[in-house]
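From first to last, the protein sequence lines are chains A and B.
Counting from 689, one number per residue, gives the positions in the first sequence under the numbering used here.
Counting from 689, one number per residue, gives the positions in the second sequence under the numbering used here.
I should point out that these hints are in silico values taken from the structure, not numbers from a laboratory.
Careful, some of the hints might be misleading.
Pairs involving identical chains hold if they fit within one copy or between any two copies, as the list cannot separate such chains.
Straight-line Cα separation of at most 25 Å, SDA-like style, residue types lysine to any residue; simulated pairs [what the hints assert, rightly or not]:
#1 835 <-> 720
#2 1211 <-> 1182
#3 825 <-> 845
#4 1103 <-> 1043
#5 1282 <-> 875
#6 824 <-> 1099
#7 1121 <-> 1245
#8 935 <-> 797
#9 706 <-> 775
#10 1082 <-> 1121
#11 815 <-> 1214
#12 1194 <-> 797
#13 835 <-> 846
#14 1259 <-> 1214
Protein chains: 2
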Amino acid sequence: MHRTHTCGELTASDIGKKVVLSGWVANRRDHGGVIFIDLRDRYGLTQTVYDPADSETAWKIADSFRSEYVVKLHGTVRSRPEGQSNSNLATGDVEVIITEAEVLSESKTPPFVIDDHSEANEEVRYKHRYLDLRRKKTLHNVQFRAKMNQFARNWFTTEDFLEVQTPIFTVSSPEGARDYLIPSRLHQGMFYALPQAPQQYKQLLMVGGVDKYFQIAPCFRDEDPRADRHSCEFYQIDCEMSFVEEKDVQDVAERFAQDLVAHMAPHKWVKLDGNDRFFRMTHTEAMDNYGSDKPDLRFGMKFADLTEDFRDSGFSVFANAVAEGGVVKAMKFTRPNLAPGAAPMSRSEIDDITAVAQAEGAKGLAYIIYEEAGPRSPILKFFTGNELAALEAKLSPKVGDMVFFGGADRKLVNKVLGKVRLTLRDKYQLANKDELCFTWVTDFPMYEQKDDGSYDFEHNPFSMPHGGVAAFEGGKNPLDVYGMQYDLACNGYEVLSGSIRNHDLKALVKGFEIVGKGEAEVKAKFGAMYEDFQYGVPPHGGFAFGFDRLMMILCEEPNIREVYAFPKSGKAEDTMMSAPSHVDEAQLRELHIKVRESHKS
Amino acid sequence: MHRTHTCGELTASDIGKKVVLSGWVANRRDHGGVIFIDLRDRYGLTQTVYDPADSETAWKIADSFRSEYVVKLHGTVRSRPEGQSNSNLATGDVEVIITEAEVLSESKTPPFVIDDHSEANEEVRYKHRYLDLRRKKTLHNVQFRAKMNQFARNWFTTEDFLEVQTPIFTVSSPEGARDYLIPSRLHQGMFYALPQAPQQYKQLLMVGGVDKYFQIAPCFRDEDPRADRHSCEFYQIDCEMSFVEEKDVQDVAERFAQDLVAHMAPHKWVKLDGNDRFFRMTHTEAMDNYGSDKPDLRFGMKFADLTEDFRDSGFSVFANAVAEGGVVKAMKFTRPNLAPGAAPMSRSEIDDITAVAQAEGAKGLAYIIYEEAGPRSPILKFFTGNELAALEAKLSPKVGDMVFFGGADRKLVNKVLGKVRLTLRDKYQLANKDELCFTWVTDFPMYEQKDDGSYDFEHNPFSMPHGGVAAFEGGKNPLDVYGMQYDLACNGYEVLSGSIRNHDLKALVKGFEIVGKGEAEVKAKFGAMYEDFQYGVPPHGGFAFGFDRLMMILCEEPNIREVYAFPKSGKAEDTMMSAPSHVDEAQLRELHIKVRESHKS
């Protein structure tokens, strides 16, 4: 037997008990000939004491212990001496006086200190993830993930959603991101693909009558690495329902998100609209008012449209922008905790935020500072009283506030002001980190126009258009077709995407015809769906939460890699396992492939 | 709104309610001008009635309904006429008289009848799995799997096991079965591999202090298709524990299996040994007594060893076998429900079972039939009284019993009698299908000797040997080294495999030296393990249940493919999705690979 108790278990009620403990040597102190060693395991720390007066043998063995040795100890629990209790530890009232000690496994000196306060660099930590896992923060994330997985699965199960594990070996899909491919050994020259998402399978399940499906689904996209995207694999809380409309689906997502927060992060709160629902706006509104399709509504700084007000402005940048069909917008910035009379931003702070705007493509960043003495701005001289009055009416600036402007074409203004808004949020803590503001972004445009005048799908081609099938008929401008498609934003992240699907094969084909693709192409590229849509399809829709993204938010973890037990590096490598790797020629031969030399591709 | 109720919901308490139902047209009957249609969804069937007297419009629309149309119906719940209730249906007391009807989606005639009684062939069913899923049996398996997944996860979570999702993109491992490979786009000429099992990761988690880990893990092995093995992907209930010995690990598995049966298949019962534990025997005993490393102990027919008794037999087959170092064994067959005086097997039945023995490599299958008048056998004339007495003493045959013999080298005899035993089980229902007999098979030999006299690992090289590190030292015969490795058999299937791991790097290297591999090779081939084993390794061990195999047994499903929502065919294809498939040359180019032409490999 290796232990009678874990290292997180002993309390005052165990005093006097003979115990066996096993764990890792966390740290060691010597005090007047007596050795103190904190023994660590997943459950906690226990202080162990080696006194030559009690057992000289144990004391000698303990003297040979080094950090991270795995040891097994026999001893007796006793109270810590008066005044030496540690109320931060569950075991802080007791210590164990050791009479027998044994090294189970030695350890070299670790490449970084196993300590929650020292920050080792990511590269070293990931290469030795088995050591990093001994740190409380890393273990916490692993535990959080397990708990969130369990909560999510049990929640959907309780709601009568049926968990279905869809295949990991499937077929390459011609739309979307790049597929990962797996060469087939049994079928020469053919390849499986890993699913980018179980989209087709979940729709097939609806056709199969499963009615309500969910899965915490592994998804695989061969995309270039990015900070909020994990390489190779990531997880979705994937869900689909039959005989539903938008509201039915969104209700489920809202209830789940609220329950998830209450269960997993009870110290956080969800900001709701006047009807106790998640905020909602159309995709157009989100772009026009916040310059983002995933707006952070924890704070204000909504854009005001001043296009008409500045149509004839003396400030030529604005007037020209309007004349060229562009827009003029402004947003108000209130610096928190500003001392009376102080300037909201220094000269160099203004230069910094102007540089942010310029990096997004703006020529500059016009602003007004509202001071006790009145507005101040390098461009104030160009403004008429009417223009200032319009600003006053739309933004109600107070003393100490600033107003930032954008005047250019609509897309650019939205992009620049959106970026400025988020930069100010981060720099001046405009948003409360414990507040969660979920916001529905709805009515995505189905199509975009390409430079040559033809159309392409802007988003999901399988969404039902608003207005149903009729939207594709009668010569309606494709740019005016909006899908029953919705994202859920939270604090500036996209945490969910979903839609009501187009379940009518004829309409689906019509939708594809607009982008110049005919029935034959739909049939060739989406064969299973083309087939199954001929055998009785229920109206259906669903969504997928980004599991990892949600967890980042709930754990306040800015780096998505940290939400995985064994993360891939920023270069899509498992540095601990040395993946990817070269493989034997014989393996490739069996799979009927060969590596293409780069110089003669 | 598409429905107020599902098709499994309405009962007598709903009589008089106005309801909206949506679902599939399951079947239709016409009775005196009135149409009756059973509407089906995941939850059940509801009888709907269309009477021109109530609504001629609805009646006319219903008249256009065909099988598998998806329709939406408004109507009023009423009691079925006296004597027409259907107690097999939850909704069997009521019917809905329809006043409004609408076709939501039409259906072509399905390629097979959606009916639980008609057996369509597997090929057609899998090609149209979305239709097959509308059959009760297929849906039942999908539901069973979901419930079993949830039960297993919650069970291990409650027991403080931490669920960890280990990576799906990992490195090719040189031992074991074939790996599936994924070419890397970012790292030219390199490949990820899908894990055959999370073996290395779970051991790394133990080194990381996770202490108790579990996962329902997808596993991937590129093996040739087989009836009890699903192609491409399968699932394990994977588990690992630190600071444990064999009994600790086996206790967990026993408790889980018992609770699983009680929860998922309460009509089945678990056969236990005299101590209310699972049966157990060593690997050697299993092979010697039942000719199988996964013995089915629901019935007897244990082999009796008669080698010494037949050493000098007048039956030269037996005497020669013994002289050549082989064995003579026998087992007793009692035919169930045999009429008094009847022969246990006919001449042709004996010929059949003899053919089974011959197919396994036996020259023939000697037997004795015990009749009222005494034993009868073609070889009886060669037997002495002592030999018959030995049989009597070891097998206690009664009138009506048969005894089958094997005399040859040990391996062949075990194999032949083992096969004969299972064939008789299936043919004469010797085992109760509702009984589950879990049996530990322990102490697997670590090594086998090759023809050239050298040694190779027979099983898991990472298992701790019995006797610990010392087993590898002091010139012990490698064939006498047994691993702390255990399988769990159930009803003739292997349902679990596990071991206590060798956590001592030096011992691990010694174990490899016996098969002619040195430290450098261990380091090169198992780099992560070689590294992490230098930083404090707890004693640890674990197991993996075969999820799909367990589910087959609990569902009495002889075909492992049926336990998947979307199975691969016997040729490792997803015929519905047409996977694997050819892919674009451009995709291969991005992945730096090309297909090898078969004629110029």
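Structure-based check of all given hints:
{"no.": "1", "hint": "835 <-> 720", "in the structure": "neither (45 Å within a copy, 60 Å between copies)"}
{"no.": "2", "hint": "1211 <-> 1182", "in the structure": "neither (32 Å within a copy, 43 Å between copies)"}
{"no.": "3", "hint": "825 <-> 845", "in the structure": "between (30 Å within a copy, 20 Å between copies)"}
{"no.": "4", "hint": "1103 <-> 1043", "in the structure": "within (14 Å within a copy, 80 Å between copies)"}
{"no.": "5", "hint": "1282 <-> 875", "in the structure": "both (15 Å within a copy, 15 Å between copies)"}
{"no.": "6", "hint": "824 <-> 1099", "in the structure": "neither (45 Å within a copy, 53 Å between copies)"}
{"no.": "7", "hint": "1121 <-> 1245", "in the structure": "within (11 Å within a copy, 52 Å between copies)"}
{"no.": "8", "hint": "935 <-> 797", "in the structure": "neither (58 Å within a copy, 33 Å between copies)"}
{"no.": "9", "hint": "706 <-> 775", "in the structure": "within (23 Å within a copy, 63 Å between copies)"}
{"no.": "10", "hint": "1082 <-> 1121", "in the structure": "neither (28 Å within a copy, 78 Å between copies)"}
{"no.": "11", "hint": "815 <-> 1214", "in the structure": "between (41 Å within a copy, 14 Å between copies)"}
{"no.": "12", "hint": "1194 <-> 797", "in the structure": "between (67 Å within a copy, 18 Å between copies)"}
{"no.": "13", "hint": "835 <-> 846", "in the structure": "both (16 Å within a copy, 11 Å between copies)"}
{"no.": "14", "hint": "1259 <-> 1214", "in the structure": "between (32 Å within a copy, 22 Å between copies)"}
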